[in-house]
Structure formats: C-alpha cells, structure tokens
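Q: One letter stands for each residue in the lines below.
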Amino acid sequence: MTAAVLTISDSTHRGERKDLSGPAVVALLKKKGFQVVTAGVVSDDQPKIEHALRRLAAGAQLVVTTGGTGIAARDVTPEATRAVCERVIEGLAERMRAQGARQTKFAALSRGVCGTLGQSLIVNLPGNPKAAKESLAAVLGLVPHALDLLAGKTGH
Amino acid sequence: MTAAVLTISDSTHRGERKDLSGPAVVALLKKKGFQVVTAGVVSDDQPKIEHALRRLAAGAQLVVTTGGTGIAARDVTPEATRAVCERVIEGLAERMRAQGARQTKFAALSRGVCGTLGQSLIVNLPGNPKAAKESLAAVLGLVPHALDLLAGKTGH
Amino acid sequence: MTAAVLTISDSTHRGERKDLSGPAVVALLKKKGFQVVTAGVVSDDQPKIEHALRRLAAGAQLVVTTGGTGIAARDVTPEATRAVCERVIEGLAERMRAQGARQTKFAALSRGVCGTLGQSLIVNLPGNPKAAKESLAAVLGLVPHALDLLAGKTGH
Numbered sequence: 001m002t003a004a005v006l007t008i009s010d011s012t013h014r015g016e017r018k019d020l021s022g023p024a025v026v027a028l029l030k031k032k033g034f035q036v037v038t039a040g041v042v043s044d045d046q047p048k049i050e051h052a053l054r055r056l057a058a059g060a061q062l063v064v065t066t067g068g069t070g071i072a073a074r075d076v077t078p079e080a081t082r083a084v085c086e087r088v089i090e091g092l093a094e095r096m097r098a099q100g101a102r103q104t105k106f107a108a109l110s111r112g113v114c115g116t117l118g119q120s121l122i123v124n125l126p127g128n129p130k131a132a133k134e135s136l137a138a139v140l141g142l143v144p145h146a147l148d149l150l151a152g153k154t155g156h
Numbered sequence: 001m002t003a004a005v006l007t008i009s010d011s012t013h014r015g016e017r018k019d020l021s022g023p024a025v026v027a028l029l030k031k032k033g034f035q036v037v038t039a040g041v042v043s044d045d046q047p048k049i050e051h052a053l054r055r056l057a058a059g060a061q062l063v064v065t066t067g068g069t070g071i072a073a074r075d076v077t078p079e080a081t082r083a084v085c086e087r088v089i090e091g092l093a094e095r096m097r098a099q100g101a102r103q104t105k106f107a108a109l110s111r112g113v114c115g116t117l118g119q120s121l122i123v124n125l126p127g128n129p130k131a132a133k134e135s136l137a138a139v140l141g142l143v144p145h146a147l148d149l150l151a152g153k154t155g156h
Numbered sequence: 001m002t003a004a005v006l007t008i009s010d011s012t013h014r015g016e017r018k019d020l021s022g023p024a025v026v027a028l029l030k031k032k033g034f035q036v037v038t039a040g041v042v043s044d045d046q047p048k049i050e051h052a053l054r055r056l057a058a059g060a061q062l063v064v065t066t067g068g069t070g071i072a073a074r075d076v077t078p079e080a081t082r083a084v085c086e087r088v089i090e091g092l093a094e095r096m097r098a099q100g101a102r103q104t105k106f107a108a109l110s111r112g113v114c115g116t117l118g119q120s121l122i123v124n125l126p127g128n129p130k131a132a133k134e135s136l137a138a139v140l141g142l143v144p145h146a147l148d149l150l151a152g153k154t155g156h
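Protein chains in written order, with UniProt numbering: chain U, 1 to 156; chain Y, 1 to 156; chain W, 1 to 156.
Possibly wrong hints are sitting among the right ones.
Any copy will do: because identical chains look the same in the list, a pair fits if it lies in one copy or spans two.
Computed list of lysine-lysine pairs in DSSO-like fashion (alpha-carbon distance at most 27 Å, straight line) [stated by the list, open to error]:
| # | residue 1 | residue 2 |
| --- | --- | --- |
| 1 | K130 | K153 |
| 2 | K48 | K153 |
| 3 | K130 | K32 |
| 4 | K48 | K31 |
| 5 | K105 | K48 |
| 6 | K18 | K153 |
| 7 | K105 | K130 |
| 8 | K133 | K105 |
| 9 | K105 | K153 |
These are calculated hints, taken from the structure and not from any lab test.
Whole structure, please, built from the sequences with the hints as guidance.
A: Written out as structure tokens, the structure is:
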C-alpha cells in the first residue's frame with residue numbers, strides 16, 4: 001500500500017517552524033507497512049491544498065494531511081478536502097474525534113474530514129503531532145479494507 | 001405504523017444472490033409491530049433508487065433500505081437518499097455507527113443516512129444481514145416518536 | 001466573553017407559552033462568567049431566525065439558540081443556522097448528542113448545529129429546558145478556547 005503525506009501549515013511552509021507532525025505521521029505509516037512515496041509541505045491556501053491533494057491522490061492509495069483542521073481563519077484543509085473528494089466518509093472523522101475525546105475535549109473542534117478521490121482515500125489529521133498520530137491510529141486499521149473496496153475488490 | 005423495505009443490490013436484482021437482508025429486516029419490523037406494506041429489490045442505480053424511495057415514501061411512514069451504503073464504486077444509496085430527503089437527521093446515522101462500532105470497527109465505513117421526505121422517515125441500513133438488523137435495532141425505539149413528530153403530533 | 005441568547009418558538013413568541021429554556025440558558029451562561037448582552041424570542045420562521053442570528057453575532061462572541069432543532073415541520077433552526085454560518089463544526093453537535101444520549105435516546109433526533117459567523121460562535125440547543133442546559137454544559141468548556149481561535153489568538 002502506498003501513502004503520501006502532506007503537511008499543511010503557513011509557518012512551516014515559510015520555514016519558521018520545524019515540521020514535527022509530518023515526520024511523525026510518516027514514521028507511523030512506515031511502521032504499519034505503508035510505502036510512503038512522497039511527503040511535502042504546503043501553506044494554508046485552499047487552491048494550493050486542492051492542487052496538492054489531486055496530485056498526491058494520483059500517485060498514492062492513501063493521502064494523509066496534517067494541519068489546518070481547526071477553526072482559526074487560516075484553517076481551510078477541510079474545505080479543500082471536501083472540494084476535491086467525490087465522497088465523504090463521515091464515520092471515519094467521527095471515529096477520530098471520538099477517540100480524540102478520550103485525550104482532550106478539544107478534539108471536538110477538529111473539523112478534519114475523510115473522503116475518496118478515485119481509488120484513493122484522503123484523511124485529514126490535526127496539526128499537533130501527538131493528536132495527528134492518535135487520530136491516524138484510530139482509523140489505520142480500517143484503511144487496508146477501505147483501499148480494497150476502492151480498488152474494486154468488493155468480495156462479492 | 002406502516003413500513004416499506006427496499007433491498008439495494010446489483011447481484012440480488014440480477015437473481016445471482018439470494019436476498020437475506022431484506023427478509024431479515026422485514027421480520028424485525030413485523031416483530032416490533034410495523035405493518036410491512038411492501039418489500040422490493042432494486043439495482044445499485046441512483047436514479048432508480050431515488051424513484052423507488054419517492055414511491056415508497058408515498059405509501060409508508062417508514063422506508064428502510066438495505067445495501068449500497070459502503071464505499072465501493074457502485075454504492076450510491078446515501079447519494080440517492082440525500083437527493084430525495086428534505087431533511088437529514090445526522091444523529092440517527094451517528095447512533096447506528098456508534099452501536100455498530102461495538103461489533104466491528106468497519107461500521108465506520110457505512111455511509112448510510114437517515115432523513116425525512118414529507119411525513120415519512122427513510123433509514124439506510126448496511127447490506128450485511130447481521131449489520132442491517134443491528135443498525136435497525138439501534139434506532140427503532142426512536143421511530144414511533146419520530147413518526148408522530150412528522151405527522152404533526154408535536155405534543156404542544 | 002459576551003453572549004446572546006435567542007429563544008426560537010412560535011408559541012412563546014405568540015405569548016401562549018412561558019419561555020423557560022431561554023432564562024435557564026442565560027442563568028447557566030452568567031454562572032460560567034459570560035456577560036449576556038441580549039436575550040430575545042423569535043418565531044419558527046427561517047428568514048427571521050437568520051436575520052436575528054446575523055444581528056446577534058455582530059454584537060456577541062457567543063450566540064446560543066434554544067428551540068426549533070427537532071424534526072417537526074416548523075423546526076427550521078438548523079437550516080437557518082447553516083444558512084448564516086461560514087463554517088460548521090460537526091464535532092460540537094456530535095458531542096452534545098453523545099452527552100444527550102446518556103439521558104435519553106431521543107437526543108439523536110436533535111438536528112442542532114454549531115458553526116462560526118465572523119468571529120462569533122453559534123450554538124443550537126434543544127427547546128426543552130433540561131436538555132438545553134445539558135447540551136450547553138457539554139460544550140461550554142470548549143467555548144473560551146474556540147472564541148480565542150476565532151479572535152485570531154492561535155498561539156503560534
């Protein structure tokens with residue numbers, strides 16, 4: 001299974017802040033058997049995020065973003081993800097928030113969405129490295145089956 | 001209370017697979033006091049599903065579908081249901097997924113929605129017979145009160 | 001922190017029913033340190049609710065509504081709120097319903113939404129006074145941080 005990781009952050013993109021969540025997500029994906037084909041950084045700019053998501057989904061089965069899921073003015077990752085996805089899977093985001101709520105009530109403010117684009121699955125994670133890892137862990141066990149279904153292996 | 005059951009499946013519609021979930025849902029509804037006025041099968045075709053939902057909602061207070069809620073390419077039941085419903089009731093689908101998660105993490109991949117069309121309530125269930133029965137059981141206790149509200153019995 | 005409270009109810013607006021939920025919400029907000037700058041009543045009329053929400057959000061950081069979140073024909077508070085909000089925060093409504101489910105399964109029928117309009121946060125509560133207080137209590141601990149984020153205090 002192939003994966004791409006996209007860190008979405010103005011300050012990281014400008015080089016003012018070290019990217020901690022992207023490498024943390026890459027490490028977790030590798031540990032779980034994914035081949036991480038690309039990892040990059042983009043600013044909190046909706047058209048740029050949409051462009052990056054389309055490009056990454058063309059080359060990886062799983063596209064994981066980190067950052068830009070909150071409610072600050074520059075947080076537009078959910079809007080970009082909804083714009084490019086053909087289908088939204090509410091249950092995955094619900095599951096991430098439900099697991100996150102065990103750690104902190106502030107998980108409810110994460111607006112991250114999960115959806116499909118062609119045969120790829122896009123998953124938005126929060127920008128905080130610890131929260132990003134926990135959110136990814138909450139849904140990673142479902143991803144192989146989801147990717148099979150998207151690839152047409154429906155088991156019928 | 002009247003109910004209609006619609007099985008949504010290409011293979012069942014072509015006669016290649018026996019419909020197990022439809023009869024299971026019918027049996028549960030009858031056991032809970034519903035009069036099942038019609039039960040049918042339709043293929044995974046969005047316009048045909050929409051047409052069937054509108055027709056069934058005209059003749060039954062509760063319309064229950066089974067199948068087509070996943071993320072495979074042919075799964076379009078949620079899209080058809082959203083297209084015909086005037087209002088979506090997120091809490092009912094959340095409740096079905098939350099109960100389903102006690103059995104299997106894959107419940108998070110069910111995109112089934114619940115909504116209203118006129119005075120009727122439409123509920124999407126998964127295609128797996130066991131999952132369909134469990135999902136229906138998760139919300140059935142709410143249905144009589146919901147149908148009262150839709151019929152204008154608001155208790156004010 | 002400033003707050004506005006809007007009771008949404010035909011019968012209360014006509015003077016046929018005493019407003020119990022509005023004062024209950026005001027009391028809880030004051031107890032938690034909010035300055036309640038205005039409290040009013042509007043009928044279950046979508047354009048009037050939208051107008052009131054825009055006006056209140058211009059003068060208060062937190063706008064709390066009570067009533068009109070169910071599935072009866074006149075319940076249009078969620079539609080009005082979605083229409084005026086720039087962003088919907090699904091996790092807050094999920095949290096209110098999840099807490100509500102501990103008291104009654106009927107919490108799943110509440111369609112209340114939470115969202116942002118400019119730097120204000122709008123929260124829909126049910127019309128039942130007890131349910132309104134419990135729903136508000138479920139998210140009130142998150143509100144100060146949410147208002148900070150909306151005011152641009154992102155902590156970066």
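Q: Take the hints in turn and mark each one as holding or not.
A: Each hint, compared with the structure:
no.	hint	result
1	K130 / K153	between (33 Å within a copy, 21 Å between copies)
2	K48 / K153	between (32 Å within a copy, 24 Å between copies)
3	K130 / K32	within (17 Å within a copy, 30 Å between copies)
4	K48 / K31	neither (29 Å within a copy, 45 Å between copies)
5	K105 / K48	neither (31 Å within a copy, 33 Å between copies)
6	K18 / K153	between (40 Å within a copy, 20 Å between copies)
7	K105 / K130	both (15 Å within a copy, 22 Å between copies)
8	K133 / K105	both (17 Å within a copy, 18 Å between copies)
9	K105 / K153	between (38 Å within a copy, 19 Å between copies)
Consistency with the previously given hints fails for numbers 4 and 5, ordered from lowest to highest.
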